[in-house]
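Number of protein chains: 2
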Amino acid sequence: MCELLGMECNVPTDIVFSFSGLATRGGKAGPHADGWGLALYEGRMARVFLEPHPAASSPLATFVREHPIKTLLAIAHVRKKTRGGTSLVNTHPFARELWGRHFVFAHNGTVKKAKSLKLGRFHPIGETDSEHAFCALLGALAHDFRDYPRSQSDLAAAVAAHAGKIGKGGTFNMLLGDGSQLFARCSTKLHYIVRQAPFKRATLADEDLTVDFAAVTTPKDRVAVIATMPLTRDETWTAGTPDTLWHFRAGRLVRTLAS
Amino acid sequence: MCELLGMECNVPTDIVFSFSGLATRGGKAGPHADGWGLALYEGRMARVFLEPHPAASSPLATFVREHPIKTLLAIAHVRKKTRGGTSLVNTHPFARELWGRHFVFAHNGTVKKAKSLKLGRFHPIGETDSEHAFCALLGALAHDFRDYPRSQSDLAAAVAAHAGKIGKGGTFNMLLGDGSQLFARCSTKLHYIVRQAPFKRATLADEDLTVDFAAVTTPKDRVAVIATMPLTRDETWTAGTPDTLWHFRAGRLVRTLAS
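As you go down the protein sequences, you meet chains A and B in turn. Going left to right, the first sequence walks through residues 1 to 259 as this note's numbering numbers them. Going left to right, the second sequence walks through residues 1 to 259 as this note's numbering numbers them.
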């Protein structure tokens, strides 16, 4: 199993605090020592940092923490392999271009009969059930819409429908970003929090690191953080209902759909 | 204009020496201060490091030099913008997945009427003529072959033909890698060298950095390096003939085609 982390905001925000919490679980506080990845959007494009090594002892993960890049949308993952070896090609998050923008995907769980999922134009580079499922999902969206859908709710409904089919019978907690919004499907375990004014202090669950968000934000900031397990010990996270999809945009949960 | 760098080898090799020479031209010895990028293959997948800032003063470029990753195939680029603003989406090299592998592309020059080139399934994320040309080239290959062609010479011939059409009337020096081989098209200016036994010392053209390759190689190693301008001052580089395509595999120039 793996841990997921997503962040979706209305103002560019650095993900260092939450990523630190996640990275600790990558081989130090947790068993997720088979790789880590972090995708940071800049407009429609994502920069993706990947390493098939424990995040807790990774020089690149340290570099990313020491040189924070602000972003409106980020997806991160620490991996405990269940399918596929420990290698770069099997490291989440995965990215593909569709409609002139990057889609980024990370998964927690095991997809049932993943290899029999029908693929469209996208093909896995590695061996994981996760990347196969991502390619099937994106291929289905490319089949449904010729261009990037003008209606956010149409895209959300399609993601919810296809992800629901792919996840059926297996475990398919997943994050999917497109540069403008974040979809988060809860299959068994997913939590979120929206940080907004009045901002408070928060302390990481696994590490003695506290941030006073009031000191680093403006009253208009809104930051949604989605994680497999709550990352802080002194905030109230909302647990997901199995087989639902959250749709976040501009730091706000805009809708919850059956999936 | 920009500078290109490619490396294609028969054993995993680090690109630090050549990348140092290129990075110096990114804002220190040269005018290519609008961004840099480095793609390093690991099997069929490429890791891509990009920054829309001068390479000479980039912390990430320094990190990459200090933590060398060995690879069989690398493509790097420093940018002096001619079309499109200074931003991440406009930074070379560009990457897309086709047939379950990454294709990586970097370009030097200006493509004539780039925006009127017919696109297939791949669409630009940024605004450059270069990325548009790459998407058109890859779309044409996806149209010609259903799967990754078994015959290397068939793929080389197709790349030469499509690149020749795209480059007609403009300047289209380019590098295209697929994880197993490297295609390098000379439109106006491109050079290569194959380093093999007996290895000698080499000194960077723009910096007082010398490497004794005999000390860091085995007699079986073969490393092809392709660059816009020769990177060293004490080796003999071969200049490309305009409108030809070099095909490198396992550190060897396997064929030269009209393009």
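Hint data in this document are derived by calculation from the structure and do not stem from the laboratory. Only a predicted model underlies this, so the values are computations on that prediction, with no experimental measurement involved. There could be a bad hint or two in this list.
Claimed, not checked - Coverage of chain B stretches by chain A, computed from C-beta distances (three or more under 8 Å per stretch; other residues unrestricted):
id : segment
1  : 37–45
2  : 54–66
3  : 86–95
4  : 99–106
5  : 117–129
Positions of the beta carbon are idealized from the N, C-alpha and C atoms, including for glycine.
Now for the hints, and whether the structure bears them out:
1. 37–45: holds (count 4)
2. 54–66: Check passed, 3 qualifying residues.
3. 86–95: Contact hint for the segment 86–95 of chain B vs chain A: holds, 3 residues under 8 Å.
4. 99–106: The restraint on the segment 99–106 of chain B holds, since 4 of its residues have a Cβ under 8 Å from chain A and three suffice.
5. 117–129: holds (count 6)
Comparing the model with each numbered hint stated earlier shows that all of them hold.
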